[in-house]
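Asks: Listed below are the residues making up each chain.
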Amino acid sequence: MDIFAQQMVNGLVLGSVYALVALGYTLVYGILELINFAHGETTMMGSMIAITVIGALFGVAPDLPGIVIVFTGLLAAIPACMLLGYSIERVAYRPLRHAPRLAPLITAIGISIVLQNVAMLIWGKQYIAFPTTLLPQGRHEILGASITDVQIAILFLTVTIMVALVTLVNRTRLGRAMRATAQAPAVAQLMGVNVNRVISATFVIGAGLAAIAGVMVSANYGQAHYYMGFLLGLKAFSAAVLGGIGNLTGAMLGGMLLGVLEALGAGYIGDLTGGFLGSHYQDIFAFLVLILVLTLKPSGLLGSKSVERA
Amino acid sequence: MKSTLLALSIAVALGLSMTAQAEEAVTVKIGQSSPLTGPQAHIGKDNDNGVRLAIDEINATKPVIDGKAVTFEVMSEDDQADPKTATIVAQRMIDEGIVGVVGHLNSGATIPASKVYADNDIPQISPSATAIKYTAQGFKTAFRVMTNDEQQGKVLGAYAAKLGKKVAIVDDQTAYGQGLAAEVEKAAKAAGAEVVAVEHTNDKATDFSAILTSIKGKAPDVIFFGGMDPQGAPMAKQMRQLGMKAQFLGGDGLQTPKFIELAGADAEGAIASIPGLPIEKMPKGADFKKKFEEKYGQIQLYAPYAYDAAYVMVDAMQRANSTDPVKYLPELGKTSFEGVTGKIGFDAKGDLTSGPITLYTVKGGKWETLETVQP
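If you read the protein sequences in the order shown, they are chains Z and A. 305 is the number that this note's numbering gives the last residue of the first sequence; the numbers go up by one with no jumps. 1430 is the number that this note's numbering gives the last residue of the second sequence; the numbers go up by one with no jumps.
Bound-form chain A, shown alone (with noise of 0.2 Å):
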């Protein structure tokens, strides 16, 4: 009698506390934001794959955050590369409960929806934006896990520099590629070239003729661009039309399979940057490739940085043993992460402390490392 009264009591406890388990379990959302439509679509979904390997695998692990039992959910969507979209859709991510975003891809539409997060107090790391301006405006809660401009366009006009003495600038006017091209300007007439055009463009053109016409009566020895690919495909390809022997130089907006593939052979020769190491040469690179393209395919571009931005978040919410955005806040800026893409750290800015930039050209059409260089 007495054993089966235990054995009763035993049984309803273990449901209970399967029970109370049950309704502590816990479902937190967050945002991850890119163009997903557009000409920018392919870079877009790519951070969005990235974003969603590394929230399947944290699922996969069970984590308990606060006794609850946590599952995240990736609330993803399209700003399309846009500025007043990205400050509707962040408002949208807020209403929908998120607590924190991985995001956006654009510099251009993740400085306006910077302002939306930080009135809201919702942390924000971005992938991809590298507009100075993006840490520059005074947010608590803005982050990034790439290097920026300032630090990319240093050794972007140095080395066109090193490649000849009269430079020619070329951007598609968005806040990337305007901040870029002047970060390259300033750097390369440091380091003693001559800039003898400043051209632009938009980031829907396809016609360049005429700008590489006046630039190649200028007759340099480089043209940077600062834009995406695109339009760098094109643009290689009226360089090559027109007979300009010039070096063609371009930063991570260029570096992507997309520019071999729309430039053809007109690609080959071309250099380009990209924040980072190459993903053979970022500490869990090959391991990381492997897993993404066995579920999505090959890496655009940005897919790493996605990826550790959300497990540097979920670190953050771990440490701080909450997923509330203003407890967990506070850790994010303490973060010591070891990335896929290397050693993540925050300075007061909310900039990567380190970070190393990798130059690539394209031979045999593939892109190829040519060295990596500490700014």
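Just chain Z, same shape as in the assembly (with noise of 0.2 Å):
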């Protein structure tokens, strides 16, 4: 087995997860210049919400294939995630529109605190299984580094959702009106954007992308939690200023660079330090990142560039 290939392996699938819920940071950056600390419970939401509908079916209904069963759960996770960020721009954003900064950046705290909770409350505060059985469970040796179906589908799903969402910034009309919108909001107004719908498709359309991550996570390391959102976002809000904030490629670039540089310094820093600093340093990356791009290069790596931005 090649470790570097593996730990490159291992860093690309890290680095999906952050890259999708980073992509959701950045959209509404990108429009707002608001950071929707939120964002991370969305993600947990998503994946509790589809164990829920997974076990429910898989209750109901054994003999379907796991991978529709599986595919369902997602297609109803995604939904409900969009109405739950649709709700909290309805409730923390939007009536705090024209409030001082950090008025909407306390209230998006509050929302996280309180979706943690209600996640405890209905869930429970235990970790639960997400059903892995259902998932193909074939594992392939590429390169020398071994990789799973499901890491295969995260990075694939990953790449397309990308290319997606760049496509609909670029390409649509609601593309159009976002752009205008993040340019500047009073003159899209003007010119006849509903400001406030574009908003709205921002946060939906963000919180959907958290829902796949979530579903992604659990079904990756087959267990969820209420508080696995917390330090996800927080990572992923990392990668998202790494990219450059409020940029879509950046934000895809930077989940990459941070799941990679994650991955190398927890595997390797015991052997570069001689053993002073050990692999439990692995969640200390993303943090450093975010100081050391803060102080160089606050913009970013892809920053400055302001044709993507969404």
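Hints are computed from structural coordinates only; laboratory data are not their basis. Some hints could be false.
What the hints assert, rightly or not - One-sided excerpt, in silico: chain Z residues whose CB lies under 8 Å from chain A:
1) L9
2) K120
3) Y122
4) S141
5) H220
6) A258
As the list claims (entries may be wrong) - Restraint ranges, calculated between C-beta atoms of paired labels, are given here:
7) T1427(A) <-> G105(Z): 16 to 26 Å
8) V113(Z) <-> K1345(A): 53 to 63 Å
9) G269(Z) <-> K1421(A): 36 to 46 Å
Here the structure is a predicted model, which is why all the values come from computation and not from measurement. Backbone N, C-alpha and C define an ideal beta-carbon position, used for all residues, glycine too.
Take the two lone chains, each set in its own frame, and fit them into one complex as the hints suggest.
Replies: Laid out in structure tokens, this is it:
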């Protein structure tokens, strides 16, 4: 087995999830220049809802192919999260659209705590299991690295979604309206763009992506928990900043880079420092990156390009 | 006339004695602390239920201590498995007037809280804290009804060496995980195995692919994980995802139904130990299991120990004929109690004088007994 190749695979799989969640941060930031701190919790809700639906469906129709059951769970989680994203915007952002910057930031954190507690009330405080047995169990050796069917699906889905999203922003009417709103909301409004609807759409799309990411995480690790969105959200936020917040390609790049950095860091830090630092510093890399980027290049890797700003 | 007077006086005397008895009935609070929220809430609630079952049974016998009818009451507090919260909770329970505490669940919470109890002369019996440090601090109030990490680590380390020559060790950096892992490392080396990697993670992580990949490069025969089930399950899963064939080995934190539920098919073949006997081999295990499950459902992990701890505490009060912590504490040290989990007696430090350790393996989605070892 090639350790380096394996760490790259580990990093890319981890990074795909960060990237998908980061896209949600970046979309909202691109439009409103605000960080939606409830985004990590939307991810958590996505995986919880999916697991519930999967469990219920498996109870009713255990003879259906596993992949169909899981896919139905995913398809149920997406609109549910979209509705959640829409509600978050209506409750926590729209009333504060003209308030000082700090106010919506605080409401967003408030919403994230509320969502955590709601999830704890509904699904309990325990880790709940994702029925991974329903998914294909194949494992492949590529260039000496081991990768599972689920991980291949994660990589494939992430790239597909990314392409679809860039197309949406650059090629559709809604995309144009989004770009216009991002540039100058007031002017866009004068030009007949329904700014409120565009902002809602942004939240809804971001939440949909979060749902997919949530299902991916729990399918890969086999479990979900009411608190899982917190650290994931923070890391994805760091990824968005690394790529240049507001930039779609940047979010993708940032997510992948962060994942790879984490995997390589955790894998090699022990050997590189002669055991002085160990793999338990895995979580540090995201925040180290965040600090470095903010001090050295606050706009992020691709942040200066405003063309793709959503 | 005379007889009426007699009858009257008897009635009055009876009435008086009844009121006297009612006045002398006292409520005695026994503390229980474990994580009731957070990732380990299922195990914490299990402890709580164990104590409640014992106290309900004791109350049903209408105990009389020092001539007073005593009703025991459980004051249950959530320490969130967090050291800081544990000390706050300990102080709160003491302020509420508890006379003793069964807890805490985690070593990380038990150790800082034990100082608070010791400073206030409140006897403490942990059902599950296994870190050596807990009883090594020299507090005369600290006891436990479970074998400690040294005793368990010795068995696990020797067993790891028996499973293969090369052993890799990962811990979650909690007082429990790290303490146990250190003992396993020592014992495995002593038994002639080579420890090829020592890695750390934390008790909130779910991604271990990077750590496992670097361990895989060292080709271990056995991976020992010192930690709890929410981390152990994804670790077992990721070992299989990476195509690792090494034997997965853990301590009592992994030996839960939740581990199997979370790891699914990947739990198959994992080995974990629990201090003490398997429930079906405990002297009064079957009876306890029936009673407990009727009331609270499946036993998670330490409920029998929490149950015994509560009994041991009340037993000492009865022998001392006092619920005053200072008075019954010396009796606690002289405990000789036949509990559900076996014979309970304490050494000078407050550790169990004898205690077997049992190894289990996952077979067909269930924990099955491998063997019981006397350390």
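Asks: Work down the list of hints and note, for each, if the structure agrees.
Replies: Evaluation of the provided hints:
With a least beta-carbon distance of about 6 Å to chain A, the hint placing L9(Z) at the interface is held under the 8 Å criterion. At a threshold of 8 Å, the smallest CB-CB gap from K120(Z) to chain A is about 4 Å, leaving the interface hint in force. Nearest Cβ of chain A to the Cβ of Y122(Z): about 5 Å, under the 8 Å cut. The hint holds. For S141(Z), the interface hint holds, the least distance from its beta-carbon to any beta-carbon of chain A being 4 Å, beneath 8 Å.
A distance limit of 8 Å between C-beta atoms decides the matter here; for H220(Z) the minimum to chain A is near 6 Å, and the interface restraint holds. Interface hint at A258(Z): satisfied, since its Cβ lies 4 Å from the closest Cβ of chain A, which is below the 8 Å cut-off. Against the hinted window of 16 to 26 Å, the Cβ-Cβ separation of T1427(A) and G105(Z) comes to about 52 Å, which falls outside the hint. Between V113(Z) and K1345(A) the beta carbons are some 37 Å apart, a value that contradicts the proposed interval 53 to 63 Å.
Between G269(Z) and K1421(A) the beta carbons are some 44 Å apart, a value that agrees with the proposed interval 36 to 46 Å.
Of the numbered hints given earlier, the model fails hints 7, 8; all others are met.
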